[in-house]
Amino acid sequence: MSLTQKGRWISVVALLCLAAVYVRALAFTPLERLQGPAQKIFYLHVPAAIWTEAAMVLVGLAGIFYLFLKDPRLDRFAEASAEVGTVFATIVLTTGPIWGKPIWGTWWTWDARLTSTLLLFFLYVGYLLVRGSVRDAGLRARYAAVLGICGMCLVPFIHMSVYLFRTLHPQPIILKPSAPSLPASMLATWLFSLATFTLLYVGFVTQRYALSLARDSRGGEEGSSGHV
Amino acid sequence: MGELIAQAWIVARKDLVLEFRTRTALISAVVFTALVLTVFNFGRDPTAVPTIDLAPTILWVTFTFAAMLALNRAFQLELENQALEGLLVSPLSRTSLYWGKLIANLVFVAVVEGVGLPLFVLFFDVPVGRVLLPLIGVIALATLGFVAVGTLFSALVIRTRFAELLLVVILLPFLVPPLIGAVQVTARLLGGRPLSESVGYLKLLAAYDIVFVSLASFLFRFTVDE
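One line per chain: the protein sequences are G and W, in this order. Sequential numbering of the first sequence, starting at 1, is according to this note's numbering. Sequential numbering of the second sequence, starting at 229, is according to this note's numbering.
Rather than coming from a laboratory, the hints here were simulated on the basis of the structure. Treat the numbers as computed from the prediction; the structure is a model and nothing was measured. Hints may be right or wrong, so weigh each one.
What the hints assert, rightly or not - Between beta-carbon pairs, the in silico distance windows are:
id, chain 1, residue 1, chain 2, residue 2, range
1, G, Thr90, W, Arg358, 27 to 33 Å
2, G, Trp110, W, Gln310, 43 to 49 Å
3, G, His159, W, Val259, 33 to 39 Å
4, W, Val427, G, Pro156, 14 to 20 Å
Said to hold, decoys possible - Examples of chain G residues lying across from chain W (beta carbon under 10 Å, computed):
id, residue
5, Leu93
6, Leu119
7, Leu139
8, Val146
9, Ile149
Each residue gets a CB set at the ideal place from its N, CA and C atoms; glycine is no exception.
Bound-form chain W, shown alone (with noise of 0.2 Å):
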């Protein structure tokens, strides 16, 4: 487990030192997450609808579009030079490969998220100052699952063709339990409700993120295989 662990981190460092150094995927995911929210201000009519009816919605429409954003570049990165052969020749074990990638994707998708929900909370003036850790909590949960799952699948399509295409394709169905889940409590600490009401969301969270994490490390090795 300590080996597995050690390995992982190897993988993932590589990774982020890599994408911290050329910045250009980081600064455009970034970019990206701020236009979508910017386009969401257009999209709706401010007169109609009160913004905190609104602001579930936004907040994980955005971080769903922005994760599989960062997802799609995962494996892409791997292709040139054939660093992928590389990597599975070395005495990595498959299921350290997928935690490096997890966790570097994690990261990404961390980053990305902490500065959408600034953004987030400063345009559209939502009041998060006393839900902010359950909230943060929330968002954690819900983005272990949807990068447990992109992982996979982005490391399952590099060589299939149309590959940024058809990983929005299959994984769109796999986000909407998580993101049901993370709405719908969203949608309550917003609302100042008390978080009792939200047990069987956070429950159906914690249990997506366990089955597919461990389903991922488990079915990643028959993805990368030649």
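Chain G extracted, bound-state conformation (with noise of 0.2 Å):
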């Protein structure tokens, strides 16, 4: 099986366990005793925002290798991991508006989680325009490498000084030092949300992988292809 396919399948396993979480979040765990019907979109938002964030780690840790490597196949992955991270990311801020609407009355507001999402968003952004801008593979994953790394250390700073503003942002429930305060069927859901969006990351990072490879393979002119 070839690694396109292999991808293929992963993704499409992911996508029917992702209606599958769907059903178990809407039919069969109870519903949040304040925020009613809108917290179901907790199950989506979280787990995505837990990969927008990890993605960008991988882009950074593939950078550092790469730099030292030398290998195409860390940039690849970092390209495929940037690529799957943005669409994260846009999953993470259009939920999290739907949600911010009948909750907090407004679709957007400069709290500190949603400013960090979004400057994470113009990262990934940024970081694929130069990778688009730049025709030499080699110099391109060298650059890509050096801007993944440094983004990579942003991340901490931007939590950091939107944090030192105040936060309208509900408080981790699940990733906290102490033990998680939902119920046990919600937090089930919740697992089964995370294990499915790391299956979608996999599946969708390899399905990307197998494209560079395809693209790379064929090109033998320093991998000239130029997506923009």
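Mind docking these for me? Both chains are given alone in their own frames, and the hints should help you get the complex.
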């Protein structure tokens, strides 16, 4: 089985799981007492947010290793991870306002987490733009690695600077030092969703990686397919 | 270390001599700063918003734009006649080349800010007398962070298409954390609050400078080599 097919199968399984997450979240998980149905979005929003940040960290780590090992596989992975991260960031930035309107009464507020996710989104877009504007494959990989490492180091600063502001955003419910404070059935749905998003990430990255591989092997002319 | 600084100084001096002899870029940047301040005056309703509330915003948006303008020229200069290749084959270490560019950019931006700050005080009648020294300190801290990242990125974009536009797009997200810190500290200073209230943001600015100056010194070699 080729890499593209593997990626496609993983994505299909992940998308089926995603449908199952919807069914479980809507039909078999209790309603939250204060937020009502709006809270259901939490099962999509939080796993997507976790993978948005994780994908950026992986882009940075791939960049570090690329600068030392000069292995094109690392660069292809970074490219794939950044594109999938952009998609996940878009999911977070779309589901957030949908939840925010009924609960906060506003689509958008310059709150700590919203700001940091938006900046992360811009970071991804800038990263992909730099990739798109360099023709030489080696140079592109090196530039992307440098920018990816800087981006990874920027994330904690964005967090610190925006957390010094007051925040409206709900505090972490699951990823916090003490035990998760939600009923077992909600936690189960959420964990299922996190696993689904992990699978989605792996599936999408595999497919995107296979695409870069095909481009590089076909090109030969220094991978100058110049995707903008 | 001594040699590193000596080499960096040679690069910086070359850039600065070039800059002060032609003066075109410097004068353009200074005039640009004055123009942004002028535009700000007409971009607000003076009867609705007191100047003091808007002052930190005006100051920092102006300085951010001016710094980006300055950074664009840092390596553009070296593209003519393959001057960059000349620098790269000379026995300079990559780190000292970065530091040289960093110093030259810092001096350039400092000159622009040195003209911009009095103009800002004059145009908007902001009382800075009591807090002048801490204010200059904050400007210096934030500017170092801006320019450290900007110098690295300006080297990164020169061989790309749409270099000027791309630099702005990748640099602005990096300027947001120091910008937040600088605006908050400036607002507190101008509001007559004690410096101790700004310790959190000052630490953030200092940490940003340390991390990104070191990171950029290390990563610079990967951006210029062919």
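Q | Violated constraints from the hint list, given by number and in increasing order | A | Violated hints: 1, 5; rest satisfied.
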